[in-house]
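Enquirer: One-letter residues, chain by chain:
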Amino acid sequence: MNFSQQLIAFNTIMVREFLRFIRIWIQTIIPPAITVALYFIIFGQLIGSQIGDIDGYRYMDYIVPGLILMAVITNSYANVVSSFFSAKFHKSIEEMIISPLPNYIILAGYISGGVARGVTVGITVTGVSMFFSDFQIHSLGITLAVFVLTSILFSTAGLINAAYARSFDDITIIPTFVLTPLTYLGGIFYSIKMLPEFWQTVSQGNPILYMINAFRYGLLGVSDINVTTALIIIIAFIVILFSFALRMLNRGIGIKP
Amino acid sequence: MPTNALTIKALRKTYRNGTQALCGVDLDVKEGDFFALLGPNGAGKSTTIGIISSLVNKTSGSVQVFGHDLDTESATVRSLIGLVPQEYNFNIFEPVGEILINQAGFYGISRHEASQRAEKYLRKLELWDKRFDMAKELSGGMKRRLMIARALVHEPKLLILDEPTAGVDIEIRHSMWEFMREINANGTTIILTTHYLEEAESLCNNIAIINKGVTIEHTSMRTLLDRLHIETFILYLEEGISELPVCGDYQLRLIDGNTIEADIAHSRSLNELYQMLSDCNIKVLSMRNKTNRLEQLFVSMMRNGNADNYRGGRA
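First to last, the sequence lines map onto chains A and B.
Residues in the first sequence are numbered from 777 upward in steps of one, following my numbering.
Residues in the second sequence are numbered from 1365 upward in steps of one, following my numbering.
Chain B extracted, bound-state conformation (with noise of 0.2 Å):
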């Protein structure tokens, strides 16, 4: 049986002005997987990633990290996890390089053998050159390659990445995707919350929802955009038309000469709506998703309420 990269059991948290951020939250992330871990503003999601990572005591329930206790084998769980944390979390009057070596010796990794690490992944973040630099002076998008650069420094098991491309550039966004996906490729289990839906679309297997501190969804991405029963796709033309043509039942709707919506149920085909299209001689240039699919089920599972939607599937 596979071990689990992390395993939790109904955790709760309930902060000492009374606040309970976390009600009861269960998850299982596979090792080696790409999971996401989303929610709404204020659902948990970074209690429970504190919790995990030691920077908040929990007030109950059980954590594992590759089958290691937090409660027993507290140090062993902290030197297999690597954080990325929301918020900045350095010190802005540090060099770079420094910040790295620093982190590498809270580990126990001799400054020599730090060294090495500091530049293997400044490089691969594109910060060797910034490395005499005080970290007060990179950019933010510099400043959350850093984060990436300190947390993988020890080389850790689990990479857990709160919001890592928020105020990213789409270039840089799209660099670290592809770092990402590299070192998850390489075997590093990789724990994702972000806002971006369609990154963890894009990224991720499996898919935990939290929201008021529970948890209302967890399985398997595909799994999950399987519910979604119906699809609308932009489908732009090559010449304009004045009208829509009759495509036997497909919901079309005209956005302007060259711009048709068209609602497809997943059971239909599209090879299906071109061919009719092409009998009306209307040539499709392209087409795209008018919507992220993972956004759409995620704003109707919110709409629609919570733990009821639970449906307890493991992926």
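Excised from the complex, chain A in its bound form (with noise of 0.2 Å):
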């Protein structure tokens, strides 16, 4: 295939991506805009109000950046896992794997449709964060990498999960046991110096830390970590899951007997 040829590939992958999620917004875009604005209600504004302020904002403002992220991280995961197991589990995984389509374009393909919904849900999300909270965002082009970037982490992770997934119980497993206890202990809620020692050397080991930081300083300008140090973290983490789900596709695992 010529490189005009993979883009149409490309762009067919893409947008049969973002409409599978469109079509059932109900189920993908509405309940984090629901979580969302609970959590805002029951953490920011009720118990919130009792804690005062962290780096010098609200508890409420401070929450948001957080709070966004997750949402996107979630979503990214949730769009791609589900997308491509699905597809294993109706056999019309075959449709590309039989076509003369690399095996980087199908990649990129199911990845720019989970970063499509991060970005649709974390635009979203920032929507019902508004009605609470009146941040300013402190640095437009560091907001925007940490957004995109910390989509496509997650996309090709929910990738990667499920190509290796055998039954719809496997593409639960990582989410609720690893994916949600990382994000909860990433810094949501709280910020590390507020931690033990110990446990803020541990915290450091939590790769979303770096994530939920990095965002914060993009939309606030305060981080528990350095932004520079985060952006480096998360690219290389970008290149070892792309590197591993390549290899994943072209050695058909997962994916061919």
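So, partial list: chain B residues that the calculated Cβ filter (under 10 Å) puts toward chain A:
1) T1411
2) S1417
3) T1440
4) I1463
These aren't lab readings, by the way, just hints derived from the structure by calculation.
In this text, all values refer to a predicted model and were calculated from it rather than measured experimentally.
Built from N, CA and C at the ideal position, the CB exists for glycine as well.
Could you fit the two chains together into a complex? Lean on the hints.
Expert: Laid out in structure tokens, this is it:
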């Protein structure tokens, strides 16, 4: 396939993935908006008013970046893991395997679908947060970079999970037992400076901490972590996971007997 | 020398669980051929097709499609093949038209061109009215036709049909046969696997039979059918009879008053029998084969063993 044909193929997967989650918007777009609104009401207004300021921001404002990024992470991951696994389950993945599509286009196409959902949900959740907080964007470049890079990272992770999954149970194990705990312990609701020194050190082993803090820096200008370090870590994870996923597809792991 | 559409040499596949599905399959399919790939359940037909179409990784052996090697020119090989698999393998929640347009997109065909081709093939397969319907709303026969339309949308040179008429009613099956003949007449090489042996006999010029992962027969349909020494015919008579006439050394059996069964060697003429019956004032209204000839051969080959029967004759 020449470059222009590859572009058509990529665009085909991207549009198909976009339409897939848009068709079921009640399941994909609305729930995160409701969840975040509840977080703002319960943690922001009711409990947050008892906590006071963190790093010079009202608690309500402080948790905005973490809640937006949490929605981006879970939705990017969920989109690719469910779409790719469903394609395996229905065997419609065979439509792509028998075609001359290079595997990196398949990978990029699914990631673009995950990013599209992550961005759509992220914008929706940002819109909801504006009802509760009047934050200003500190650095648009860093905000957008972390927003998109995090989405790419978790879309890729979702595809790897889906490729190895053999049942629908297998696509919920990682989100439930790995992703959710790491996200909650990644500093959405608190600054790690509030933790004892030992737990501060342990927290630094959590990659999601870097993403949330870099995003918080982009929006509010405060972070527990050096932003450059955070960006390097996110990019490094993307390179590692992308290479792993591509090798996996090239070897047919999870998709070819 | 004409190019082979498909050349398979010593193809082997052992699955991760240790199952040896193919133990050295050899096949040659000429360009423009309508080729039957037959075998009992579990013989290795679908594994062979899976390997040709890149859905299954082979263990060893070589596959060439129009001279392009699957190992070194995989993308070219894939662009030349259209596959209609045995099981439905489309997203049932996608509209029919979108399934075709997306499939064309995977081959790098622009959306405009893809829409035109989708219309052409959906109309041919009488699915145009269903283009906005979700695939799950189609009947079984429509789903089979959708898979054929999808396999053709990138206009492949080699079309592989893995039991395309399974579960399809007789009327639609016959219209699908006509369509397959038309595609083949337009230059597309077709490989057909089917359990309806009359389908293979009626459509295909050449044939290979696989059993237990090896090729046990590979020849032309005519050569294979010539191996049948005796055929049994059912003769329907104009007027009822109570006793069988004596007709030389023809083996006749009375089924009912108006029907007799006759075993006729290939070396004998049917005219001779008709003449003998006519001499006895018996008029034959119509006649048919008792059993499908290919089926008769197939069953006897499966019963008599396998690789020992392979004569190595090529079509």
